[in-house]
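Visitor: These protein sequence lines are chains X and E, in that order.
Take 1 as the starting number for the first sequence in the working numbering and just add one per residue.
Take 1 as the starting number for the second sequence in the working numbering and just add one per residue.
These are computed hints drawn from the structure, not numbers from a lab.
Computed from a prediction, not measured in an experiment: that's the story for all the values here.
There may be inaccurate statements among the hints.
[Stated by the list, open to error] These stretches of chain E come out as covered by chain X in the derived footprint (C-beta under 8 Å, 3 or more residues):
(1) 32 to 42
(2) 45 to 53
(3) 176 to 190
(4) 205 to 219
Virtual Cβ for every residue (Gly too), placed ideally from N, Cα, C.
Residues per chain are reported as follows:
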Amino acid sequence: MGDNRDTAVVTGATSGLGLETARQLAAAGLNVVGIGRSAEKCRLAEREVSAAASGPDVRFVAADLSSLANVREAGAAIRSLLRGGRLDRLVHNAATVSNWYIGTEDGYELQFAVNYLAAFLLTRELFPCLTRPDDARVITISSGSHRRARIRWDDPMLRRSYGCLKAYKQSKLALVMFTLELNRRVAGRFTLRALGIEPGVVDTALGEKNTGGLVRAYWRRRRKKGLSPAEAAGFVVRLAAGPAPAAGQDYWRLDRPVEPSPYARRVDAALQLWQMTERMCGVDFL
Amino acid sequence: MTSYVMITGAAGGLGKALAAEYAERGHPVFLTDRDRDRLEVFAAGLERLVEVDVVCRACDLADEREVEAMWSWIGANGFVFDGLLNVAGTGGDGRFDELESGRARAILRVNIEALVTMTKRVLERRAPDRVLRIVNIASLGCFSPMPRKSIYAASKRFVYDFSIALREEMRGRNVQVMTVCPAGMPATPANVKSVNDCQGIMGLVTEKNVGWVAERIYERSLRGRAVYIPGRLNVLLGALSKVMPERAKARLLGRRWERAAEHMRR
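Work out the full structure: start from the sequences and follow the hints.
Guide: This is the structure we're talking about:
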């Protein structure tokens, strides 16, 4: 990666919002490293994003973010692409939806693992690079649905009472709690900043890849009302590549700072979640 | 003395869910599966979440020598058991004459022979003065002859009959045997695709979440149930298949799997 430009990592960058975000970041002059599950789609996306701008370096890394081992490997691959240099933006966009309870190889629930755990662990794996620039930003793509969720401490993987949307909402809530808690933990120690953004409904295939029947019909209907991926990505890129938001404006709905849900702001719950996550990933972080 | 719950097929969908269920409820677990890498990754993940001891040892239950080697290791290390969940099972889709060679034998070895051996060995190494709870995973398919899954369904019929007979033999001996007859439980993205896209409405209404089933297996086994069919509709289908003539069932199910296979090919 050329070190004269800022570099951004975007997860889930082979389709939908992630692909658009990667493309627009490259167009804005940033080097981009995309992560996607399928090596084939990574190859195609790399070509597509490269075509958006001639200057920046564009690279893709294939990784299945449902696997903690794979997240670690992706982290190592990106560190070596950066050659120990700095990482300026980390955009946690990858997400999945499933209407069935699926246990990952580590035995955790699929949506929780992909939408949240992977973001936590990848941030940790890339943390040394994120502390180098003066204004590194970790951006999490959240969802307004986090407002209708809480963490089910007695069954956090929702194994016994799985519901597609329930698991989705909880994973997004966890991501918001992670964003706020990360800011609390780096405050006064590092210049890094975590920002959350909810793009609302976006017209992507998110809810149709791992679902069927009524659940798929619901998501299919819902996406029609959404923003196009390009419009939604515009707001993400504004937050990533635009001027740094004022202090305290850590959570956004499109271009407006808003308050996350009261549960998401609970410090005790965030601490408990952080500790549980460290245990699940088998790491210490901050 | 610590007694363990032995779980076979522990790196598969239902195996993982059951391992988590039992371990979270305070039972030390002994996990085995053919796939060493997946087993070890899963066991490590489980260990980080629970307080109890998690032991794992890879073993291909289709290979008699590996099974013997595992049991000598178990003997040498003095493990005793108060539970056995025979989850490991294998199947084969397609007409009998088109099955790849060795597939039929593998089904018989894992679903029947290994289940019998594991049951025998666990009975020999049961924890003294404790109830031994055995859970054998059969299938809703065990009530019907099934074209395109003929060996599989017949092997599960063996599991069903054997388990019920064993339960009677063990009456008054502090051994509980429960047979579970689940319909499908999509537990991997590939299964999910098959259920969502290929099996039509019957797939969607009969299939159950694997974690939901695991919790209920735990509770029913504790209550000493003889047979557990997860899901009300599946109970009804089970009852229906007990009164329907064998050949009519076979024709009906044959058509269903034929359609699903056609869908898969597309």
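Visitor: Against each hint, give a clear statement of whether it holds in the structure.
Guide: Here's how the hints hold up against the structure:
For the segment 32 to 42 of chain E, the stated coverage by chain X is satisfied: 3 residues place a CB nearer than 8 Å to a CB of that chain, which reaches the threshold of 3. With 4 residues carrying a beta carbon less than 8 Å from a beta carbon of chain X, the segment 45 to 53 of chain E meets the three-residue requirement, and the given coverage holds. Residues of the segment 176 to 190 of chain E lying with their CB closer than 8 Å to a CB of chain X number 4, which satisfies the three-residue condition for coverage. A stretch counts as covered by a chain when three or more of its residues have a beta carbon under 8 Å from one of that chain; for the segment 205 to 219 of chain E and chain X the count is 7, and the coverage holds.
Checked against the numbered hints given earlier, the structure satisfies every one of them.
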